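S.K.: Sequence:
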Amino acid sequence: MTASSSIITRFAPSPTGFLHIGGARTALFSYLVAKRHGGRFLLRIEDTDRERSTQEAVDAIFEGMDWLGLASDFDPVYQTQRFDRYREVIAQMLEAGTAYYCYCTREELDQMRNEQMARKQKPRYDGRWRPEPGKTLPPPPDDVPPVVRFRNPTEGKVVINDLVRGQIVFDNGELDDLIIARADGTPTYNFCVVIDDWDMNVTHVVRGDDHVNNTPRQINIFQALGGTPPHYAHVPMILGSDGTKLSKRHGALGVMEYRAMGFLPEAMLNYLVRLGWSHGDQELFTRDEMIAKFDFDHVSSSPSRFDMEKAYWVNHQYLKTAPLEKVVPEFEWHLQRMGLDLSGGPGLEDVIVAQRERCRTLLEMAEKSHFLYAELSGYDEKDAAKHLKPETAEVLEALVTKLSALPEWQAEAIHQCVHAVAEERELKLGKVAQPIRVAVVGMAVSPPIDQTLMLLGRTRTLARLEAAVEHIRNRSEQH
RNA sequence: GCUCCCAUCGUCUAGUGGCCUAGGACGUCGCCCUCUCACGGCGAAAACAGGGGUUCGAGUCCCCUUGGGAGUGCCA
24 MTASSSIITR FAPSPTGFLH IGGARTALFS YLVAKRHGGR FLLRIEDTDR ERSTQEAVDA
84 IFEGMDWLGL ASDFDPVYQT QRFDRYREVI AQMLEAGTAY YCYCTREELD QMRNEQMARK
144 QKPRYDGRWR PEPGKTLPPP PDDVPPVVRF RNPTEGKVVI NDLVRGQIVF DNGELDDLII
204 ARADGTPTYN FCVVIDDWDM NVTHVVRGDD HVNNTPRQIN IFQALGGTPP HYAHVPMILG
264 SDGTKLSKRH GALGVMEYRA MGFLPEAMLN YLVRLGWSHG DQELFTRDEM IAKFDFDHVS
324 SSPSRFDMEK AYWVNHQYLK TAPLEKVVPE FEWHLQRMGL DLSGGPGLED VIVAQRERCR
384 TLLEMAEKSH FLYAELSGYD EKDAAKHLKP ETAEVLEALV TKLSALPEWQ AEAIHQCVHA
444 VAEERELKLG KVAQPIRVAV VGMAVSPPID QTLMLLGRTR TLARLEAAVE HIRNRSEQH
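Letter by letter, the first sequence follows residues 24 to 502 of the numbering used here.
Hints in this document: simulated from the structure, not taken from any laboratory. Fair warning: this is a prediction, and the values are worked out from it, not measured in the lab. There are no misleading hints in this set.
Dumping the calculated DSSO-like pairs for lysine-lysine here, alpha-carbon to alpha-carbon at most 30 angstroms:
hint, residue 1, residue 2
1, Lys409, Lys451
2, Lys412, Lys451
3, Lys405, Lys451
4, Lys333, Lys316
5, Lys391, Lys412
6, Lys409, Lys425
7, Lys333, Lys268
8, Lys58, Lys333
Hey, can you work out the whole structure from these sequences and the hints?
M.R.: Right, dumping it as structure tokens:
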């Protein structure tokens with residue numbers, strides 16, 4: 024089907040900061056529609072505002088998109104590299120009469136706005152430089168560099184058939200003549216978007232619903248140019264957990280912050296796709312399933328809150344089931360970030376398998392695995408007081424003897440040693456396992472004791488058990 | 001102010017006029033499992049913002065109210 028295979032969507036952030044969670048979801052939705060229909064996805068950098076755009080932000084956006092695995096099917100487009108094209112179109116519009124020069128100064132405009140607000144009217148340009156048949160314009164002042172305004176229709180309505188909102192109607196009488204080129208000649212957002220979407224054959228515009236009010240203006244520009252507007256899908260914004268707009272204080276974090284918190288990119292995508300979209304009762308989706316099932320009919324039109332708890336849960340599901348080769352590099356990244364030397368410790372895959380059921384994030388996993396790659400810095404005070412009691416010294420010693428005699432360092436054999444020590448003394452397993460745990464981990468939490476010792480290795484295990492015996496003896500002598 | 005949008009458990013949502021005494025998931029609480037922490041299993045509490053219509057029948061359609069949000073820039 025030609026129509027659907029030629030679908031092109033785009034994600035068009037302005038590089039004024041990192042890729043945040045809302046942008047990431049918009050990008051994902053946009054990517055998904057394209058892939059769903061065998062189309063292509065484009066990344067476009069909207070950097071016409073040179074004051075606020077930075078290279079760091081551009082890099083941060085690429086880094087985020089890259090981490091999430093949302094690749095552009097085209098070379099990314101930069102609006103600042105298209106200024107010649109914008110100028111060309113503006114000249115054409117001036118020529119055709121669909122745009123005109125306006126010589127109002129900023130002061131004049133401010134005054135106009137203030138007066139209108141004072142009269143409780145909607146602030147808008149009054150069209151004083153707009154050419155009309157039979158109207159005489161004032162003589163252009165020669166000390167004011169003009170801006171270019173779009174000559175918006177004054178009659179009729181603009182109808183948007185939004186893919187998620189349904190029909191939205193705007194009265195042209197509500198719109199005014201927006202500026203499409205600044206006094207310095209640089210084009211503005213609403214204009215560039217239209218030219219770009221047009222030139223790049225974008226068929227579906229997926230963006231935040233803060234843009235719905237721009238849409239009728241953009242449609243009008245399209246029509247003035249003789250182009251056909253794309254389909255629009257305005258997705259609601261993502262709110263913080265308290266229901267207010269995302270701010271730096273709560274959650275307006277870059278996606279890379281979520282990496283630092285220990286999220287897997289696939290989990291992030293899965294959480295995001297379910298935020299505002301649903302497919303029946305399904306919670307977990309592989310990327311292929313997302314692509315096969317995503318549709319705008321089931322995108323919610325009300326804003327949703329970012330729920331960290333649910334995000335953790337999704338991440339945990341991925342941690343438990345994701346192929347090891349996906350998890351290892353991310354886990355390694357965290358361990359190295361903690362400054363650990365991995366060479367003397369157990370293999371990462373084994374650690375992940377032992378830890379993944381009890382960790383919701385990779386960061387948590389790294390913290391809980393710290394004892395495997397570095398010497399103990401001491402015992403948790405409470406745990407030591409509870410489990411490293413004078414009578415346990417003998418138990419640990421007995422275990423040292425048994426473990427030393429083991430021909431091979433295998434989990435099953437270790438397990439039997441621990442059980443034997445417990446049975447010989449008619450102790451419950453917990454009475455033996457917990458002291459061991461504190462002795463080798465430093466605290467009373469770790470994977471099953473045989474696995475813990477297995478991972479730690481014979482040398483470190485024996486050394487730590489002996490150190491614990493010494494610790495207990497020293498302490499009891501002091502009393 | 002004006003324009004536009006939104007409204008089901010605490011949260012994400014199912015629901016497209018009868019299948020709804022409203023389902024699932026996260027979280028919460030209880031029980032079970034258990035060498036710790038977890039995983040897992042079982043169970044519980046928990047919602048259609050309010051008011052009018054339309055209809056034999058409304059969470060689902062319409063209107064109003066209330067409450068949220070966005071826009072109203074020579075920002076994007």
